[in-house]
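K.L.:
The residues making up each chain are set out below.
There are 2 protein chains.
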Amino acid sequence: MAGPSPIPFFETVSAYQKTEAIRAALALDVFSAIAEHQGVLAKIAARCEASERGIRMLCDFLVINGLLAKTDGRYALVPETAPFLVKSSPAYLGDSLEFLLSPELVEGFRDLAGCVRKGGTTVSARGTMETQHPVWVKFARVMGPVIGRSAPFIAELVDTKADRPLEVLDIDSGHGLFGIAFAQRNPRTRVTAQDWAPVVEVAGEHARQAGVLDRYRVLPGDAFEVDLGSGYDVVLVTNFLHHFDVPTCERLLGRVARSLKPGGTAVTLEFVPNEDRVTPPAAATFALTMLATTAAGDAYTFHEYQSMFRNAGFSRNTLHSIPESPQSAIVSVL
Amino acid sequence: MAGPSPIPFFETVSAYQKTEAIRAALALDVFSAIAEHQGVLAKIAARCEASERGIRMLCDFLVINGLLAKTDGRYALVPETAPFLVKSSPAYLGDSLEFLLSPELVEGFRDLAGCVRKGGTTVSARGTMETQHPVWVKFARVMGPVIGRSAPFIAELVDTKADRPLEVLDIDSGHGLFGIAFAQRNPRTRVTAQDWAPVVEVAGEHARQAGVLDRYRVLPGDAFEVDLGSGYDVVLVTNFLHHFDVPTCERLLGRVARSLKPGGTAVTLEFVPNEDRVTPPAAATFALTMLATTAAGDAYTFHEYQSMFRNAGFSRNTLHSIPESPQSAIVSVL
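The listed protein sequences correspond, in order, to chains H and F.
In terms of the numbering used here, the first sequence opens at residue 357 and continues consecutively.
In terms of the numbering used here, the second sequence opens at residue 357 and continues consecutively.
Next up, chain H with everything else stripped away, as it sits in the complex (with noise of 0.2 angstroms):
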């Protein structure tokens, strides 16, 4: 047991250094630069058009958090986070700070002590989860390399063999890489993508974009109230149900059941926490941004999930981690 040190104590209070440091490194490109010369000080920051005095105590801080290494004075970045850093590598991450850090959402942590008392958002009455709230075409269109990396792994998960025509239902497609990965992984199966008409249109471009527009079908309106349809072999609930409460949770499940086919699945994508609701840490923290930004939402665990897709009318439920991913998959079948 370690004695008493404050060190902590002003860690986490002057953690949002941290956060103002990656935006400042992306907004920079300071990682292009560090691969693209060797982590060269001088012609870091020649490149970036920057002080080498800024560039220096900027890349120490972020080696002392992990997100770079120094050694003789060079920089260099970490094999861990140099893919998603890097602005030319596929799976660059930087565009998702367009709605990771938008003014939408940070802006319900700004009375966080407010909420706790409130139990929810102070921001407004259903925080993101107002109609059309514009947080939600941000999210579409920058979340994707983010998000849309666990989207093959679903696909694979639930059409294993690929091997028979699939109607699928994505219902609030967001940016649409979920169902765009079952239509990518089986020539046969069509999609229907449900979300507000301006993000689904977002959806609608990135079917376009993955050449899958002509079994690709969208469908503007609110998952709550637009007619559904019916006979999908599966749908797709991705990231959507942590923003409400049980009962919403199970009506909106309920409208799901009765899309299906007989024996049909539903697809989960959440944050799910262990029981103790405080491991692991990934999935776990996502519950404070529900407090800080919806009226009732939650991460919920994989046994709550469980009575709700039962109350709903489903038989079985599956948990499924994702690789390199803080959230994992639910398998739910009629």
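The hints are simulated quantities; they were obtained by calculation from the structure and are not laboratory data.
Beta carbons: idealized from backbone N, C-alpha and C, even for Gly.
Don't take every hint at face value.
Said to hold, decoys possible - Going by beta-carbon spacing under 10 angstroms, a handful of chain H positions derived as facing chain F:
id: 1; residue: P360
id: 2; residue: E367
id: 3; residue: L382
id: 4; residue: L384
id: 5; residue: K426
id: 6; residue: L449
id: 7; residue: A469
id: 8; residue: A648
Stated by the list, open to error - No farther apart than 25 angstroms at their CA atoms in a straight line, the calculated lysine-lysine pairs in the PhoX-like style are these:
id: 9; chain 1: H; residue 1: K399; chain 2: H; residue 2: K426
id: 10; chain 1: H; residue 1: K474; chain 2: F; residue 2: K443
id: 11; chain 1: H; residue 1: K443; chain 2: F; residue 2: K474
id: 12; chain 1: F; residue 1: K426; chain 2: F; residue 2: K399
id: 13; chain 1: F; residue 1: K474; chain 2: H; residue 2: K426
id: 14; chain 1: F; residue 1: K443; chain 2: F; residue 2: K426
id: 15; chain 1: H; residue 1: K474; chain 2: F; residue 2: K426
id: 16; chain 1: F; residue 1: K443; chain 2: F; residue 2: K494
id: 17; chain 1: F; residue 1: K399; chain 2: H; residue 2: K474
id: 18; chain 1: F; residue 1: K399; chain 2: F; residue 2: K443
Claimed, not checked - So, partial list: chain F residues that the calculated Cβ filter (under 10 angstroms) puts toward chain H:
id: 19; residue: I363
id: 20; residue: Y372
id: 21; residue: A401
id: 22; residue: G422
id: 23; residue: V434
id: 24; residue: F440
id: 25; residue: R505
With chain H held as given, fit chain F onto it using these hints.
P.N.:
Then chain F, alone, in the frame of chain H:
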């Protein structure tokens, strides 16, 4: 070597949430409530006049980040940080947020990319070093419990035997606790505390509370301009030099040298990273704050301080790490 994972990226981007979580927890006095109510959620919520849901989500987040523990649904303080978080504790640090998260400091980070480009703060020409900047009154009022913890250690380090009269000059006294510790240790010590008038007024108040006002003189003015006097045995330069560039530090140290008796001692309290500038973390991260909030300040290495003191006429410097503190003391003899 770990394989690629986006999780460190997400953690860094979302780090601001840790700042908001500890700010909210201190505002609601959650840590005291946990101590008083054996970590029972319903009682903590009642004591904090907050929702159970909000308290659960906040406390889970603090567990994930190491500031609380959780066993069988009950929360508990962690021995390493408990003394700093419970309001009734003599070591309580919660008030320090008034300085550490003051708008005057945080605004420096709002355009960190701009600071990196320029090589210094973008808030104003001299940032927090503008004459009579109001943040230093906050510093003097609330940072005593944070930094003053080192004061008895430093007084003992320099005035080991406390067996002879000492004249001590406390430059940039702030809260004044360093000079006061010398006066408390040795009843024949007299202290002169210099700082801007509204700041040194706080130091005088602290000297009165400590019962040493009869041996305490305040000297209002700018450290670079006011007549500091001469014939001191010890001059304290605590948390001051990091705000300036090297020539300015040497100018100040020249004034310090001229105010000392022959063979006198200067004591510097500072964040002193190793020569690699990235270890130890708690000292090395401080450089970024200087980039964001001053024109030319830095977390200087011991090698750099040795050179500054030599150029100002000092002959010997020794570096002393301070228990339970991210800072070090440098003892320099004329």
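K.L.:
Hints first: check each against the structure and report whether it holds.
P.N.:
Hints versus structure:
Evaluation of the P360(H) hint against chain F yields a held restraint, the C-beta minimum of about 5 angstroms falling below 10 angstroms. At its closest, the beta carbon of E367(H) sits 7 angstroms from a beta carbon of chain F; the interface hint therefore holds under the 10 angstroms criterion. Taking 10 angstroms as the C-beta cut-off, the interface hint given for L382(H) holds, the closest approach to chain F being about 9 angstroms. Given the 10 angstroms rule on beta carbons, the hint for L384(H) holds: about 5 angstroms separates it from the nearest Cβ of chain F.
The beta carbon of K426(H) is positioned within 10 angstroms of a beta carbon in chain F (closest approach about 6 angstroms), and the interface hint is therefore held. For the restraint placing L449(H) at the interface with chain F, the shortest Cβ-Cβ distance is roughly 6 angstroms, inside the 10 angstroms limit, so the hint holds. At its closest, the beta carbon of A469(H) sits 4 angstroms from a beta carbon of chain F; the interface hint therefore holds under the 10 angstroms criterion. The interface hint given for A648(H) is met, as the beta carbon of that residue sits about 8 angstroms from the closest beta carbon of chain F, less than 10 angstroms.
Only pairs whose Cα atoms come within 25 angstroms are accepted, and K399(H) paired with K426(H) is accepted, the gap being roughly 15 angstroms. The hinted pair formed by K474(H) and K443(F) meets the criterion: a straight-line CA distance of about 23 angstroms does not exceed 25 angstroms. Pair hint K443(H) plus K474(F) holds up; C-alpha atoms about 23 angstroms apart against a cutoff of 25 angstroms. Distance hint between K426(F) and K399(F) is fulfilled; the C-alpha atoms sit about 15 angstroms from each other, no more than 25 angstroms.
With a C-alpha separation of about 23 angstroms, the suggested pair K474(F) and K426(H) falls inside the 25 angstroms cut-off, and the hint holds. Among the hinted pairs, K443(F) with K426(F) is consistent with the structure: their alpha-carbon atoms are about 21 angstroms apart, no more than 25 angstroms. The suggested pairing of K474(H) with K426(F) holds, with an alpha-carbon distance near 23 angstroms, which does not exceed 25 angstroms. Annotation: proposed proximity of K443(F) to K494(F) holds, straight-line Cα distance about 19 angstroms (limit 25 angstroms).
Proximity of K399(F) to K474(H) is assessed by CA-CA distance (about 16 angstroms); at most 25 angstroms being required, the pair is judged to hold. Between the alpha carbons of K399(F) and K443(F) the distance comes to roughly 17 angstroms, so the proposed pair stays at or under 25 angstroms and holds. Given the 10 angstroms rule on beta carbons, the hint for I363(F) holds: about 5 angstroms separates it from the nearest Cβ of chain H. Interface hint at Y372(F): satisfied, since its Cβ lies 4 angstroms from the closest Cβ of chain H, which is below the 10 angstroms cut-off.
Annotation: interface hint on A401(F) holds; nearest CB of chain H at approximately 9 angstroms, less than 10 angstroms. A hinted interface residue such as G422(F) counts as satisfied when its beta carbon comes closer than 10 angstroms to some beta carbon of chain H; here the least separation is about 6 angstroms, so the hint holds. Here the hint on V434(F) is kept, as its CB sits about 8 angstroms from the closest CB of chain H, short of 10 angstroms. With its C-beta approaching chain H no nearer than about 5 angstroms, F440(F) sits inside the 10 angstroms limit, and its interface hint holds.
A least Cβ separation of about 8 angstroms between R505(F) and chain H falls short of the 10 angstroms threshold, and the interface hint therefore holds.
Hint violations for this structure: none, all hints satisfied.
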